[in-house]
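Residue numbers (my numbering), protein chains in the order written: chain A, 103 to 411; chain B, 135 to 503.
FYI, nobody ran anything at the bench for these hints, they're computed from the structure.
One should not assume that every hint holds.
[Claimed, not checked] Computed Cβ-Cβ distance ranges for the label pairs, DEER-style:
1) B:181 / A:389: 22 to 32 Å
2) A:161 / B:461: 28 to 38 Å
3) A:389 / B:459: 37 to 47 Å
4) B:364 / A:399: 24 to 34 Å
Glycine included, every Cβ here is placed at the ideal spot set by N, Cα and C.
Here's the letter readout for the chains.
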Amino acid sequence: MFRNVFNYTLIASTIRLATPLILAALGGLFSERSGVINIALEGMMLAGAFTAATVTAFSHNPWLGVLAAVFAGVLTAALHAVATINYRADQVVSGTAINILFLGVPALLSGALFDSTGATPQLPREQTLPDIALFDAQSSPVLASIFNQKPLVYLAFVLVAATFYVLYRTRFGLRLRAVGENPEAADTAGVSVIKIRYAGVLISGALAALGGAYLSIGQNSLFTRNMTAGRGYIALAALIFGKWDPVGALLACLLFGFADAVAIRMQGTVNIPNQFIQMIPYLLTIVVLAGLIRRATPPKALGVAYVKE
Amino acid sequence: MKALLRALLFPLLAVLAAFVIGSLIVLAIGDNPLTVYRLMLSSAFGLYDALGNFTFDNWGYTLFQATPLIFTGLAVALSFKCGLLNIGAEGQLYVGAFAAAWVGITFANWPAIVLVPLAMLAAMLAGGVWGAIPGVLKARFGSHEVINTIMLNFVAAGLISYLVQNHYKAPGDPIMQSGPIGAGAHIARFSTLLAPLGINFPTRIPLNVAFLLALLACFLVWVFLWRTKWGYEIRAVGSNPSAAEYGGISVQKQIVLAMALSGALAGMVGINEVLGYRYRYYHDFSPGYGFTGIAVALLGRNHPAGIVLAAILFGALIRGGLFVDIFTDKVSKDLVQVLQAIIILFVAMEMLFRGSLSRFIPGLKKSSA
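Please build the complete structure, drawing on both the sequences and the hints.
Next up, the structure:
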């Protein structure tokens with residue numbers, strides 16, 4: 103029994119399940135490090151997932167689907183940016199509105215476009231994102247089966263490194279962090295708080311939408327109603343658990359992906375109910391936020407609209 | 135009077151703007167917005183059916199849908215007043231509903247006079263405890279209630295799903311629902327209440343005593359917030375925590391109190407759902423009442439009277455949406471969710487209207503909220 107759950111294919115499915123979380127959590131990182139709370143990750147993922155599946159269904163080209171998803175994510179994020187940065191709407195309220203919006207919009211549009219009640223048509227396998235093998239199956243069968251993943255999986259890991267570099271080694275990263283910690287000081291130093299926050303939120307939308315696209319045309323071959331099923335919130339949890347740091351977020355996403363993978367395998371085999379395993383990310387986040395294991399301190403200006411003096 | 139008009143101005147503008155954008159969406163999809171809105175309006179508020187006979191159905195169902203929204207709207211507003219945002223009403227209402235069902239099932243044979251109040255109390259208590267947890271976490275550790283309430287929503291869903299699936303489901307029942315509660319735990323529907331007056335209110339309409347309780351809760355919340363010491367202290371913490379602390383108010387205590395009361399109000403949704411409607415716990419029953427509660431509270435400007443009006447509006451949208459689903463070609467009931475989201479966005483962006491209107495109305499620019 104134990105062997106059925108814990109073997110090397112578990113690693114493969116952990117990576118698979120963590121990917122959408124990693125992409126969305128990196129998205130959340132850019133927004134939150136700039137000082138804008140992003141609980142709209144869920145809605146942005148849904149926007150990306152639906153757009154990817156829809157555009158692929160019409161164009162028969164998954165890459166075009168991915169591109170369109172990024173565009174949709176940026177557009178959705180722009181809504182959040184305008185509301186919170188320009189009109190100083192409460193960031194949590196605006197995020198909630200966007201999440202509600204993208205429960206409705208895909209369902210409404212799928213009815214009009216495909217005469218369905220919330221789903222896009224099933225795509226043939228060759229129109230979804232392909233698997234890319236990094237190792238030769240003959241010489242290293244185990245590695246080959248683990249690293250035979252969708253391109254967005256590899257991209258997610260590359261983006262973690264890229265985010266790390268951008269955040270800690272570039273001028274933009276420095277400004278992003280400065281704006282999130284102390285916008286007044288950044289402003290005095292000549293940094294445009296508005297522009298940097300816009301950049302943070304828009305990047306956030308692009309990345310979260312990539313995570314959504316991975317769900318609809320990578321892991322699956324269609325969009326279904328509410329297909330993210332709370333992954334945007336888990337990504338947010340991972341971001342907090344990882345202390346708003348790219349590597350920390352990556353590890354948290356892998357941990358949550360692992361818990362998910364174990365839960366799926368244990369279904370019906372062990373006495374630990376599935377529901378309890380699925381609760382792990384949420385409970386861990388609560389514990390970490392309370393500082394019971396290790397303290398997670400949010401960016402200082404998180405949630406506070408900036409008013410230029 | 136002028137203050138009242140001003141209080142109504144921005145919510146009305148937000149609703150109007152949402153309907154304008156909604157009609158553009160409907161046009162783009164290929165239906166006639168006028169037909170859609172007329173259908174929504176008549177199915178939510180119409181007094182006569184298609185044959186021209188008087189009917190209670192439309193108002194009855196609209197008020198039934200408004201009932202949970204009054205509770206969640208009050209819940210969110212009460213937390214707002216303390217400077218907190220409870221987006222965990224969704225989890226709290228599930229916990230409350232399950233607790234009510236648990237009492238109704240466990241003590242199924244008890245007489246109504248004991249069982250009904252006990253089940254109601256259970257709903258409030260369970261919701262209250264679930265709301266108090268993030269309150270305590272905030273007061274004790276300073277962790278953000280928004281994140282914790284979101285997390286607790288998922289924990290609640292998981293916990294109850296486990297309980298229903300493994301312990302409270304009737305054997306062989308394919309639906310995720312508990313067994314029935316005892317007859318002593320049922321609360322009266324309007325059909326029963328109005329029968330002695332000779333009014334023939336149809337039994338099928340699930341509007342029940344919980345609606346009256348919701349109105350009572352509005353009144354009590356108003357009294358509590360604006361006429362009691364504790365309510366004053368909660369508002370003081372909400373408007374300026376450091377000043378409140380300086381004035382001798384325990385900020386921590388008020389945070390826990392506000393979150394507990396907020397959770398209890400959300401838990402009362404279970405009274406409507408379990409004791410007045412389905413007479414069992416039905417999993418995933420809420421179409422997002424907790425989140426709509428945020429819209430209700432914002433649109434109602436966190437005032438009980440405003441909340442009743444806003445809840446009726448959103449209840450009407452839910453009711454009207456069902457008809458749009460059936461009687462139009464392309465537009466589905468999902469339009470309601472889109473309208474709701476746009477309304478929240480616009481209400482949250484009050485500055486947008488304030489800025490553009492202040493050119494015409496002097497004195498509007500300064501915030502009155």
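Now the hints, each set against the structure:
A hinted range of 22 to 32 Å for the beta carbons of residue 181 (chain B) and residue 389 (chain A) is inconsistent with their spacing of about 55 Å. In this structure the hint that residue 161 (chain A) and residue 461 (chain B) lie 28 to 38 Å apart at CB holds, the actual value being about 34 Å. In this structure the hint that residue 389 (chain A) and residue 459 (chain B) lie 37 to 47 Å apart at CB holds, the actual value being about 43 Å. At about 32 Å, the beta-carbon gap between residue 364 (chain B) and residue 399 (chain A) stays in the expected band of 24 to 34 Å.
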